[in-house]
Amino acid sequence: MTEFVNAFSDVKNFKIEFKVSTIGKFKSKSKYSGIYKYKFVKNIFKKIIDLTVNEEKPETKIKGLKITGYPHVSRFFEYKEILENHPDASHVLLTDVRDVFFQSNPFKNLSKGLFVGMENPDFTIGTEQYNQKWILDAYGESFYNLAKDEQVSCSGVTIGDHESIKVYINKMIEEFCKQPYQKMSNRIYDQAMHNKLLITNELAEVTRCQPFESIIVTLGLYPIEQISINDQGFIINRNQEIIPIVHQHDRHAELIQLCDNYIGK
84 MTEFVNAFSD VKNFKIEFKV STIGKFKSKS KYSGIYKYKF VKNIFKKIID
134 LTVNEEKPET KIKGLKITGY PHVSRFFEYK EILENHPDAS HVLLTDVRDV
184 FFQSNPFKNL SKGLFVGMEN PDFTIGTEQY NQKWILDAYG ESFYNLAKDE
234 QVSCSGVTIG DHESIKVYIN KMIEEFCKQP YQKMSNRIYD QAMHNKLLIT
284 NELAEVTRCQ PFESIIVTLG LYPIEQISIN DQGFIINRNQ EIIPIVHQHD
334 RHAELIQLCD NYIGK
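Each residue of the sequence shown is one higher than the one before, starting from 84 at the first, in this note's numbering.
There's no promise every hint is true.
Quick list of in silico lysine-lysine cross-link-like pairs, DSBU-like style, CA-CA up to 35 Å [to be verified]:
1) Lys249 - Lys130
2) Lys163 - Lys279
3) Lys279 - Lys191
4) Lys216 - Lys249
5) Lys249 - Lys163
6) Lys249 - Lys261
7) Lys216 - Lys266
8) Lys279 - Lys216
9) Lys249 - Lys140
10) Lys254 - Lys163
11) Lys254 - Lys125
12) Lys261 - Lys216
13) Lys249 - Lys195
14) Lys216 - Lys231
15) Lys122 - Lys254
16) Lys149 - Lys261
17) Lys149 - Lys122
18) Lys231 - Lys149
19) Lys130 - Lys216
20) Lys191 - Lys102
21) Lys216 - Lys146
22) Lys129 - Lys279
23) Lys122 - Lys216
24) Lys279 - Lys146
25) Lys102 - Lys163
Derived Cβ-Cβ restraints for the label pairs, each shown as a range [claimed, not checked]:
26) Gly316 - Lys130: 45 to 53 Å
27) Gly316 - Lys216: 34 to 42 Å
28) Asp343 - Glu139: 45 to 53 Å
29) Phe226 - Glu100: 34 to 42 Å
30) Ser225 - Asn188: 38 to 46 Å
31) Glu164 - Ala336: 32 to 40 Å
32) Asn344 - Asn137: 51 to 59 Å
33) Asn126 - Asn344: 39 to 47 Å
34) Gly209 - Glu138: 29 to 37 Å
35) Glu224 - Asp171: 43 to 51 Å
Hints were generated in silico from the structure; no laboratory data involved.
If you're wondering where the values come from, they're calculated on a predicted model, not measured in any experiment.
We treat Cβ as the ideally placed atom computed from N, Cα and C, and that holds for glycine.
Start from the sequences and build out the full structure, keeping to the hints where you can.
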């Protein structure tokens with residue numbers, strides 16, 4: 084990827100590593116080359132993989148889900164591998180791609196601990212339809228009643244020091260493995276598990292990054308009139324400061340154009 088290296092040539096100590104992912108191929112609607120584009124053949128391979136899974140052995144569920152699961156779930160298995168291969172990394176950012184852009188360095192002055200993005204506090208798990216459905220499906224009505232008044236945290240952007248991120252990833256994988264394999268291989272959510280870990284206080288040193296008050300702003304549940312932009316075209320917080328990480332900008336046509344203008348500078 085020479086163009087990326089050239090684009091960041093002015094940044095000292097900068098290195099890009101690429102890994103060809105194996106996740107999501109059984110779920111993608113894209114036209115893959117070879118056998119992946121044949122639905123019948125894919126279904127046969129999936130059935131063979133399903134036969135190797137033992138509900139009592141999490142390692143077999145992980146191997147199966149990495150291939151047959153949706154990327155929302157199976158990406159965590161690759162996260163784990165990448166962290167294990169980079170033990171010297173001080174901080175790590177787990178992020179969506181399509182709907183995230185950076186306005187400044189997200190790692191600048193970042194302290195220890197885990198930082199998670201929160202959604203519009205006007206919505207709770209009980210009032211936001213998708214999160215309500217995910218929690219009910221994953222954990223049932225009893226836990227839903229405990230969680231329904233909690234503010235929603237979005238699993239699309241999570242940042243922290245190496246150890247905090249490692250613990251978070253391992254706990255997410257544990258939650259996936261508690262669910263039946265066939266169920267998790269057909270679910271598109273990781274956010275139910277993410278919120279469950281926060282609500283039950285299973286993660287140490289967590290900072291909940293409130294929109295417009297922190298390094299992460301998650302915009303999906305905000306009307307456009309509540310989003311402030313400065314004269315230079317940057318999305319800003321309540322103190323008129325540029326927010327480093329912008330998530331879900333693509334829910335607003337105006338912000339898609341803003342992002343395009345920003346990237347083009």
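**Asked** Does the alpha-carbon distance linking Lys122 and Lys254 stay inside the 35 Å limit?
**Response** Given that 35 Å is the threshold and the Cα spacing comes to 33 Å, the pair holds.
Margin query: Taking the Cβ atom of Gly316 and the Cβ atom of Lys130, is their distance within the range 45 to 53 Å?
Written below: holds, 51 Å
### Hinted pair Lys149 and Lys122, Cα distance within 35 Å
holds, 19 Å
Pairwise hint evaluation, Lys195 against Lys249, where the allowed Cα distance is 35 Å at most | holds, 13 Å
Margin query: For Lys261 and Lys216, compute the direct alpha-carbon distance and say whether it is at most 35 Å.
Written below: Measuring from Cα to Cα gives roughly 18 Å; hence the hint holds.
* Is the hinted pair Lys149 and Lys261 satisfied, with a Cα-Cα distance of at most 35 Å? -> holds, 15 Å
Q.
Checking one constraint from the list: CA of Lys163 to CA of Lys279, max 35 Å. Satisfied?
A. holds, 20 Å
**Study point:** Given pair status - Lys279, Lys129, alpha carbons within 35 Å
**Key:** Cα-Cα ~29 Å, so holds.
Handout entry: Range agreement (Cβ of Asn344 with Cβ of Asn126, hint 39 to 47 Å)
Key = Since the Cβ atoms of Asn126 and Asn344 sit about 44 Å apart, the hinted range of 39 to 47 Å holds.
Practice task
Could you say whether the range 34 to 42 Å given as a hint is met by the Cβ separation of Gly316 and Lys216?
Solution key: Once the Cβ atoms are compared, 36 Å apart, the range 34 to 42 Å for Lys216 and Gly316 holds.
Proposed proximity, Lys163 with Lys249 (alpha carbon, max 35 Å):
Holds, at roughly 7 Å.
Notebook entry, point to check: Within 35 Å, alpha carbon to alpha carbon, are Lys130 and Lys216?
Noted result: holds, 28 Å
In this structure, every one of the numbered hints holds.
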